[in-house]
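*Asks:* If you're matching them up, the sequences are chains A and B in order.
Take 1 as the starting number for the first sequence in the numbering used here and just add one per residue.
Take 429 as the starting number for the second sequence in the numbering used here and just add one per residue.
Don't take every hint at face value.
Claimed, not checked - Only pairs whose alpha carbons sit at most 16 angstroms apart, straight line, appear in this in silico EDC-like list of lysine to aspartate or glutamate:
| hint | chain 1 | residue 1 | chain 2 | residue 2 |
| --- | --- | --- | --- | --- |
| 1 | A | Lys342 | B | Asp483 |
| 2 | B | Lys460 | A | Glu340 |
| 3 | A | Lys329 | B | Asp483 |
| 4 | A | Lys364 | A | Glu112 |
| 5 | A | Lys323 | B | Glu742 |
| 6 | B | Lys438 | A | Asp254 |
| 7 | B | Lys714 | A | Glu112 |
| 8 | A | Lys323 | B | Glu738 |
| 9 | B | Lys702 | B | Glu783 |
| 10 | A | Lys329 | A | Asp210 |
| 11 | A | Lys243 | A | Asp282 |
| 12 | A | Lys256 | B | Glu715 |
| 13 | A | Lys339 | B | Glu468 |
| 14 | B | Lys702 | B | Asp666 |
| 15 | A | Lys208 | B | Glu711 |
| 16 | B | Lys741 | B | Glu768 |
| 17 | A | Lys167 | A | Glu112 |
| 18 | A | Lys326 | B | Glu783 |
Said to hold, decoys possible - Here are the in silico distance ranges between beta carbons for each label pair:
| hint | chain 1 | residue 1 | chain 2 | residue 2 | range |
| --- | --- | --- | --- | --- | --- |
| 19 | B | Ala665 | A | Ile179 | 44 to 52 angstroms |
| 20 | B | Trp730 | A | Glu278 | 46 to 54 angstroms |
| 21 | A | Asp237 | B | Lys745 | 19 to 27 angstroms |
| 22 | B | Gly473 | A | Glu345 | 32 to 40 angstroms |
| 23 | B | Glu553 | A | Ile332 | 54 to 62 angstroms |
Quick caveat, the hints were computed from the structure, so don't treat them as lab data.
Note that CB positions come from ideal geometry on N, CA and C, so glycine has one too.
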Amino acid sequence: MKDVLIIGGGVAGIQAALDLADRGIHVYLVEKEPSIGGRMALLDKTMSTNDCSICILAPKMNECFSHPNVDVLEYSEVIGLEGRAGDFKVKVKRKAKYVDATKCTGCGDCMEKCPTEVPNEYNSYLDKRKAIFLPFPQAVPRKATIDDRYCLKLTKNRCGLCEKICKAGAIDYNQKDQIIELNVAAIIVAVGLSLYEPRDLYEYGYGKYDNVHTWMEYERLINAAGPTHGHLKCSPDGRRPKKIAFIQCVGSRDVKRCPWCSSVCCMVSIKSAMLANEHYNDLESYIFYSDLRVFSKRFYEYSKRGERDYKITYIHARPGEIKEDKRTKNLIIYYEDEKEGKVKELEVEMVILATPIMPAKDTKKIANVLGIETDEHGFIKTVDFLKYPVETTKPGIFVAGCCERPKDITESVIQASAAAAKAAELAG
Amino acid sequence: MLEGIIEKSKAYYCVECRKCSSICPITRIYGKFSPASIVERSLIGIEEEVLNSMDIWKCLGCGLCEEVCPSGVEFLHFMREVRNGARKQGNEGIPTHEGVFESIPKLMLEKNIDMDWLDNVETDEKSDIIYFAGCLPFFDIMFKEIGFDGKCIAESTVKLLNKYGVKPSIIYGCCGHDALWNGNVELFNELMNKNMQMLKERKAKKIIFSCPECYRTFKMDYPSMDVELMHISEFLADKDMKGGEAGKEYTFHDSCRLGRHLGIYEEPRNVLKKVGIKVKEMEHNKELAVCCGTSAWMSCDWKSEEIRKERLKEAKKVADVMITSCPKCQIHFKCTLSHENYGIEVKDFVEVVAEMIK
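If we strip away everything but chain B, and leave its shape as in the complex, we get:
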């Protein structure tokens, strides 16, 4: 079963140099998980051991391994396929939050989310420019207690679009990212088909995302559509804007999806600069930025917490506010900050830009 996966992900080219494992944030604190070992074990054909292993659920999909791999092994692709194989054998990993985030997408399949959620913004449901707001309404309810404000992210995004003359139509819903990364290809396909159908009905010409995961999934995992896809930072990149005095020191946490997966590093920094924020870089930034510690609501445990703490300390060394464009990064960091004080705030990219812009 793994043979096809090995072929497709170029795992055959692994030279066992173990560079991936020595940069993997999980391996560094938990040596039993090692990308190199997983690939090696698959290559020598210990198939059952790999598929039954709980280790395969520890991967963050952060892509640091791919960034440094000299052989071009697509480990993330490999991992997704392995998880799909494992799931078929009944190895489903340990989802966080009692699996509620596996159930929500399933519910979304049943019913469209049609709601008038945002205040003081202009939208036009007939517009062929779509703002795909993703799961923000659910996250907003789930994580209010740790200070996550999903509504603010959606409102800020639309406010910024309005400022430059765009009245978007809004879609709330699951892009299928988590299902895909957890090997649930069947659920992913259903969500994808539903989304594609909806976009067709709305005659979408352009889709704007504030969530890097949705953007990555549409751009890299959906079949190509005749629709322009862009992140809000790309939309804002060429706009004239004015800001004010920052007053605080800010740093930017590159989320794995927007950074390494999509290669967008400069746009958010340039936009922040235009509104008056000169980003102070952390020790690990851009291509080498470290993950927030959890992905796709899977296997969040002490290791995730450890990675987050390190990241927050790194941020505190250079700034008072950590900006990220990914709502999940923000949730994960705020979770840690809810019980430990690092003297640093975490804010979303659009939230900061909307506050600063004049």
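Looking at chain A on its own, in the form it has when it is part of the complex:
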């Protein structure tokens, strides 16, 4: 039995790791962040079932981490590849965490005392985290990491508070990056996604109006572990909204930006609107759509349920402009009512933009390291969409999840299991 390397510790990578490990194949799971979990760990609920996302994922994360056949290499990157299918030699950089993982208990004392606050990417930059941090409360492994871009000790040789406070003596400012070499039979690429930043759609005022957010920001706002502890709040006075509008296809199905359909956003917005109504049962939502793409099993019924039970109104229009009431910070949406043939205004307190799934930032870089191709949009290319949907352009390297094309959790998991089965043929 040979080993398999999985790059990316999101739900796809975790599923593939568990499938392989359960059949006795040893897996290295490389994750660039300090915790596995990926995007799914940051979602509040899953769509079409409205289950708590982290409640589904956390047991899998723990199972994966503690599985005797899985070595999780968190905070690491693949930097080199040689060899061929059945016998790859992989170079992995393990970035210094400046914390001895064998000693750290994850107690959190250091994070409380650390004086350096930095933008929190795990909460969509809506709040701050410390320079020594856990990405999110359910992080696996639950070990602190020092961000060397911000830590005062590492950048200016000042402070050193965390070392003083740590009862376990786990802080080690002298830790260095390590390069390790792995020998694997197959590789699964599951590096995930990034989301479009709609700053160049000036007509929607993202970045300019306080109460306009992207759907990922909304996931964090409505999440109990998020910056507002799950309470929806509007600028300027922190009141909770009574009307929310969701605008679909903001950046997607757009020839100047992302021409593809992001495939999950219609369902995500319906889910988000349902959640809002579950939090505050007088809350009304308006979903502005181009086509409501609710195509999978029970999705259409889900959209109807939203209309019937959760005060959702669907409006067929892409709004042309959003204006802000300077005093109340309410948002006035301009859209054309196709039946009446005139432009109407709708005033809401919060607008959520459904921005599309894009390839993750470093997809091209990792593709170059591995010697595999990307498609015209930068997603990882498969040999044949119908016949070989998990095979990349290099034998022995397989793909799963959103790095191949936008897809939902179910599809990511299906593709991950398929990729694991293919990888097992080479390992076994």
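We have chain A already, so just place chain B on it with the hints.
*Replies:* Below, chain B alone, put in the same frame as chain A:
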């Protein structure tokens, strides 16, 4: 007939999301005109209805629809071609000012305008650097009563060129912009050929424009020539200059042609900053700036007036003076200001720069 137009302007890609209509300044106050509806009606083949419709003359060509269209439909191109088709069927729209601005270009075809109009500036008729001053002399006469000073725009432009060592040769005449946008391709072609011939005779190497419409037309609608084209704000952008105390609050109205059509937003603002004017932005600025309400002397009515009033109010919220680079924008705003007081002045970009520069 519309099929070729639909193909060329990519109208096939319309997904009927109606984003264009909800940002169109005309649709917002007059729902019967809707870019989305015009495209939809053309796509389902109600050709006669579209070609005979008076709605097609209401489009301002401002380009807000194209700015936000997710499908890349070239609505302006579509509209121009549709107007050309309509004209052939006898639907010629309702031109403003009794059609005098359709006649003037025709007269210009007959005779070159050769005149010594400007005072206190240095020109050199042998220069291969041309200042294309466009229709300013005509506008100057037509709109003096509402306080439009075309001569000042031309003089200021040449003064600024002189300051940086350029003695240009000047061409007055019609670039054909209005004819083209009103679907009169035949007249446009004649004007274009005449202008190109004239530039060839003068061995032009560089042409400088103060009018965004002329600039757009030369750059985007004429066949490419081996001549450098630039707006006066681009010419001034890299020059060292000093200014003084502004004393008033200024805002900048991006004309559709210089802004959305040509993508020039920062150059005029940077030049103004260098001479001491920090532009206060209106609510709608740069990519989302709202049109002055009329284009190509076509269909000016209460809707145009309504759009202008809104724009002037928006300007007054932030400034005492509205600067624009387009002589037509200035004429249109001054027309409204001639019978309603909004407590705001409208000035041309070059006029302000020439006043402020030291």
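*Asks:* Look at each hint and say if it fits the structure.
*Replies:* Here's how the hints hold up against the structure:
{"no.": "1", "hint": "A/Lys342 <-> B/Asp483", "result": "holds (15 angstroms)"}
{"no.": "2", "hint": "B/Lys460 <-> A/Glu340", "result": "holds (10 angstroms)"}
{"no.": "3", "hint": "A/Lys329 <-> B/Asp483", "result": "violated (36 angstroms)"}
{"no.": "4", "hint": "A/Lys364 <-> A/Glu112", "result": "violated (37 angstroms)"}
{"no.": "5", "hint": "A/Lys323 <-> B/Glu742", "result": "holds (13 angstroms)"}
{"no.": "6", "hint": "B/Lys438 <-> A/Asp254", "result": "holds (14 angstroms)"}
{"no.": "7", "hint": "B/Lys714 <-> A/Glu112", "result": "violated (45 angstroms)"}
{"no.": "8", "hint": "A/Lys323 <-> B/Glu738", "result": "holds (14 angstroms)"}
{"no.": "9", "hint": "B/Lys702 <-> B/Glu783", "result": "holds (13 angstroms)"}
{"no.": "10", "hint": "A/Lys329 <-> A/Asp210", "result": "holds (7 angstroms)"}
{"no.": "11", "hint": "A/Lys243 <-> A/Asp282", "result": "holds (9 angstroms)"}
{"no.": "12", "hint": "A/Lys256 <-> B/Glu715", "result": "holds (15 angstroms)"}
{"no.": "13", "hint": "A/Lys339 <-> B/Glu468", "result": "holds (14 angstroms)"}
{"no.": "14", "hint": "B/Lys702 <-> B/Asp666", "result": "holds (10 angstroms)"}
{"no.": "15", "hint": "A/Lys208 <-> B/Glu711", "result": "holds (12 angstroms)"}
{"no.": "16", "hint": "B/Lys741 <-> B/Glu768", "result": "holds (11 angstroms)"}
{"no.": "17", "hint": "A/Lys167 <-> A/Glu112", "result": "holds (14 angstroms)"}
{"no.": "18", "hint": "A/Lys326 <-> B/Glu783", "result": "violated (35 angstroms)"}
{"no.": "19", "hint": "B/Ala665 <-> A/Ile179: 44 to 52 angstroms", "result": "holds (49 angstroms)"}
{"no.": "20", "hint": "B/Trp730 <-> A/Glu278: 46 to 54 angstroms", "result": "holds (49 angstroms)"}
{"no.": "21", "hint": "A/Asp237 <-> B/Lys745: 19 to 27 angstroms", "result": "holds (24 angstroms)"}
{"no.": "22", "hint": "B/Gly473 <-> A/Glu345: 32 to 40 angstroms", "result": "holds (33 angstroms)"}
{"no.": "23", "hint": "B/Glu553 <-> A/Ile332: 54 to 62 angstroms", "result": "holds (55 angstroms)"}
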